[in-house]
Amino acid sequence: MKRVYTKEEACIGCRLCEVHCLTEHSRSKNIIKAHKKEFPRALSRVLVEELRPVSFAVQCRHCDEPVCVEACITGAITKDESGKVVHDEEKCVGCWTCVLVCPHGAPRRDLERKKVAKCDLCPDRETPACVEMCPNRALVYEER
Amino acid sequence: MKTYQLPEVKIERDKDRCIDCQVCVRQCAFEAHIVDEDGEVYSEDEKCVACQRCVSLCPTNALTIKDNKPFVKDNANWTAETQKYIWKQAETGGVLLTGMGNPKPYPIYWDHMLLNASQVTNPSIDPLREPMELRTYLGSKPDKIDIKMVDGEPVLNTKLAPQLMVKTPILFSAMSFGAVSYSVCEGLARASKELGTFWNTGEGGLPQNLYEYGPNTIVQVASGRFGVHSEYLDAAAAIEIKIGQGAKPGIGGHLPGEKVGAEVSRTRMIPVGSDAISPAPHHDIYSIEDLSQLIFSLKEATEYTKPISVKISAVHNVAAIASGIARAGADIIAIDGFRGGTGAAPTMIRDNVGIPIELAIAAVDTRLRDEAIRNRVSVIAAGGFRNSADVIKAIALGADAVYLGTAALVAMGCHVCQMCYTGKCNWGIATQDPYLEKRLNPDVAAERLFNLVRGWSHEIAEMLGGMGLNAIESLRGNRLHLRSIGLSTEEMDILGLQAAGSPMA
Amino acid sequence: MSYVIIGNSVAAVGAIEAIRRIDKEMPITVISDEPYAVYSRPLISELLAGQVKQEMMGYRSPDFYERHGVEAKLGTRVVSIDPKKKTVKTEAGESIGYNKLLIATGGTPFVPPMKGRELGRVMTFIKMDDAKRIEEMLPELKHVVVIGAGLIGLKAAESLHHRGVKVTVVELANRVMATVLDVEAGKVVQDALENAGVDIVTGDTVDEILGDTAGLVNGIKMQSGEALDCDAVIVAIGVVPNAAFAKASGVEVNRGIITDDHMRTNLPDVYAAGDVTEGLDYLSGDNRVMPIWPNAYIQGKIAGFNMAGEDREFTGGLAVNSIELFGVPVVTAGMSNVDSDDLEVLKKSAGYAYRKIVLRDNKVVGAVLVGNIDRAGLVTGLIREQIDISGMRERLLADDFGYIDFPVELRKERLGVAL
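Residue numbers (the working numbering), protein chains in the order written: chain F, 1 to 144; chain U, 145 to 649; chain P, 650 to 1068.
Note that these hints are calculated values from the structure, not bench results. No experiment lies behind these values; they were computed from the predicted model shown. The beta-carbon is built from N, C-alpha and C at its ideal position, and this holds for glycine as well. A portion of the hints provided could be inaccurate.
FRET-style restraints, in silico, Cβ to Cβ [unchecked claim]:
1. F/Lys37 <-> U/Arg410: 51 to 59 Å
2. F/Glu89 <-> P/Thr828: 30 to 38 Å
3. U/Glu402 <-> F/Arg113: 42 to 50 Å
4. P/Gly958 <-> F/Glu143: 24 to 32 Å
5. P/Glu1062 <-> F/Glu89: 29 to 37 Å
6. P/Asn1011 <-> F/Leu51: 48 to 56 Å
Keeping only pairs whose Cα atoms sit at most 27 Å apart, straight-line, the calculated DSSO-like set for lysine-lysine is [stated by the list, open to error]:
7. F/Lys79 <-> P/Lys673
8. P/Lys997 <-> F/Lys114
9. P/Lys781 <-> F/Lys114
10. P/Lys997 <-> F/Lys84
11. P/Lys776 <-> P/Lys738
12. U/Lys337 <-> F/Lys7
13. U/Lys159 <-> F/Lys29
14. F/Lys114 <-> P/Lys673
15. U/Lys568 <-> F/Lys7
16. P/Lys722 <-> P/Lys738
17. U/Lys337 <-> F/Lys36
Let the sequences and hints guide you as you build the complete structure.
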């Protein structure tokens, strides 16, 4: 399956992936509204780590044998037929078990909603927002 | 010391649009954007160099950088800039430094030349339907060729000097690894390979990982001799002896030690952190004869397999010097006009020394023709080519091809803020800081360069076809395809141009 | 013939999903004494608290059984196994043949012998029906005593508190969550509970449950002699494997059903998974009962693969617990609270935040994070993969500990980047 991969030699630590991820997962999908007017604010599902000069983006790896799926107590996280690890926010109660078990530290805690937020590979787009909007092509969406 | 310098730009942040994402903060190496403890972002105008990096990356278009030239009382002599320079020097006691090419409003002759086009009598050619040859060969051509017949077929009997074949008359000019980042070098090398043209190492040597691009590389031998060794010469398609550079004729170069990291050190063969000083002259060249020795040393070293170029600044007696260089055995003469760029130059020199490339091309071409040695060398013109029209006019004036430096940098993201010498280039171009250098992804750089040259080449083909020509070589030195507008008779005389409206001679 | 699974919780689901990855044909029969389609047991506290509705309790979608070719015999209790005939017998006398059998009957709450334990409104809290029972009697509950300050006890206490019931938790140990938390972390959690208004009594236990003439709870008496009035008692001391019927049928049982590294029991074609088993503990190398949700799924999955003919080894369970009480999240992993000379402890605390990393031979073997638990999984991953942390020791306690602190090769491998 296609996954998002980071190219740390090209990641410039601008964090625009986070900005556009948040926007894509907001109600309005309008960047300004999403950041300034929507409460609770959406949460980016990608996280940029940085220790200059190195930086890279981390998001759900959509593992082949996802520990989070095994650990999720409500059944909110499942792996669909395409291999995507999908998270049903309706079912999530914010128990943070996935946060505790994901070896990538990928699930993020949305404290306002008390739900986990994780990468869904942008189901409404052909290419995930983080990849498309990266100004330096440091994220790629491809089969490996 | 309290600075008396005044901010020249104003950063306008539209608070309704700003989402405090801090992209601008992270992107500005000059620290013009700052985030406070509450996560609110604000800006400090006096630090801004107007490189537009923040504006380009701001996801909400919340930023605008505006001209905020300080108001000084009307005075043509003591302008704001003049005063700024004085304050700067009064504060530092140093030489004024700057980057990029001469920005002064000297005449740009390209804008006083008009191209011809065919109508009725010699029909124009549509390059989309008919072959159009932008290919040309750079190198020394024989005075005459001898052909013999073998089995009824003509065969060239003259041994030709080595040639560089370019698929378009556009090459990338010398920019050294050290002055520019590795990513720039890789972008140039990869684009050159794709385009069928050449890039030039400048005096920075050839980084190990780029040896594979040797067949598209011109390597320089400059006064500091940095990074010169036999594999370097062997790897190249051609060798260029750098005598001068348009932005700073008559002086050498200075790469500060901070820019000499491990890779630059290895490539230039100098210790990490040491200043790389290129002397003003080559200490073994004090005459045309000395130059000839170096040319032939390099030819010997590479067994006469590669053309040797000599690059000089366009200065007052450029024509005579070019003649000497041709006679010294060079295959190519590269002439760099005073609008040519640089990573660092004393401002006074950049802005006041040298002559425009347009005049130099015409003067050199005329002189070499008059001496009947024009065929012995190819002429590459450099120094501020802005678009395809400049390129085709240069060829009509007498150049074989042109070098692009600044335009290539602009293609890669440079916004000509002229802060190259600080090493803090926010676009990842004129820097060795690994954090900044990453901002130029070589994939992106190569693609943008390729696109630019491809676009220009298409335009050149169109204009060429319009003139009824189907080969770029047919235009070279064909000044009848140019007319001047708004120039004095002296200028027209030097350029060898007739006034617009005068009939074909 | 079919796969038969006794039990209908997470281990069963793990097994069903694994079986169907290999074998799409042979029928699966799931038998459970509970009348519900598979639901999330840990969610009963949210159900009681009113934060999750009954219809959201399902652990899998309503068509789960149908999609996986499962016949679910709900409300059916298995009383015995006949390993020779390869059948199980239900309470109603039905005999069901199996090809491969999985015992996933989970645990039963342990209620120690004490006076008054037979009284009305002495309850346990692990099943949906437990929550429903409490819900029904809620109007009459003013004060409830919870015995045991483990995960279940504390979640029950929090839920009742949310419903306006006064709660007192009585814990024999000197702190809450004593099995996984040390004194410091226990104090942080206890503070959070007490600040919210839950009474905690530690170092004491309930000696006797007192009842009224109607046979309903009306108070407790503690070992210390102190007595409290209350309307109900929830016993949450722990669970024991629900393995009696299995033992009687010849399955080898210690504390739980003894399983090998393929989740096989001593009987041919009989597997066991989840809270009913005594499986391998990855860190200690010993077998023990580890009643932990993710562990049950994994054991069920391993059992399922092996039942369907795909050889998969159970490499051992890792104890992980995540709980949030009154807005204070607490997570633990591995040997979070073990005292031993060969262990080195790194820790830091500030207010409601606590971070502790337990090391053995330069490898992380345990962790406790309270408050800021973001990216705790990175640490859990270090435990699971037993990665040498020499290069990142100084950063383990940092709140922003991340992949950036990992050795470059490992990070790139994990992120799927070619080296």
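Structure-based check of each hint:
Taken as a hint, the range 51 to 59 Å holds for the pair F/Lys37 and U/Arg410, whose Cβ atoms sit roughly 53 Å apart. Range check, F/Glu89 to P/Thr828: about 32 Å between beta-carbon atoms, so the 30 to 38 Å window is met. Range check, U/Glu402 to F/Arg113: Cβ separation about 48 Å, and the 42 to 50 Å hint holds. The hinted window of 24 to 32 Å between P/Gly958 and F/Glu143 holds, with their beta carbons roughly 30 Å apart.
One distance hint, 29 to 37 Å for the beta-carbon pair P/Glu1062 and F/Glu89, holds here, with the actual separation near 31 Å. Checked against the hint of 48 to 56 Å, the pair P/Asn1011 and F/Leu51 fails, with Cβ atoms roughly 22 Å apart. Straight-line distance between C-alpha atoms of F/Lys79 and P/Lys673 comes to about 18 Å, which keeps the hinted pair within the 27 Å bound. A C-alpha spacing of about 26 Å is found between P/Lys997 and F/Lys114, which places the hinted pair at or below 27 Å, so the restraint holds.
This hinted pair checks out: P/Lys781 and F/Lys114 have alpha carbons roughly 24 Å apart, not beyond 27 Å. Straight-line distance between C-alpha atoms of P/Lys997 and F/Lys84 comes to about 37 Å, which puts the hinted pair past the 27 Å bound. Restraint check for P/Lys776 and P/Lys738: the C-alpha separation of about 24 Å stays at or below 27 Å, so the hint holds. Taking the CA atoms of U/Lys337 and F/Lys7, the gap is about 24 Å. The hint holds against a cut of 27 Å.
Distance hint between U/Lys159 and F/Lys29 is fulfilled; the C-alpha atoms sit about 19 Å from each other, no more than 27 Å. Our distance criterion of 27 Å between C-alpha atoms is broken by F/Lys114 and P/Lys673, whose separation comes to about 38 Å. Taking the CA atoms of U/Lys568 and F/Lys7, the gap is about 23 Å. The hint holds against a cut of 27 Å. With a CA separation close to 13 Å, the supplied pair P/Lys722 and P/Lys738 stays within the 27 Å bound.
Distance restraint check for U/Lys337 and F/Lys36: the Cα-Cα separation of roughly 47 Å exceeds the 27 Å cut-off, and the hinted pair is therefore not satisfied.
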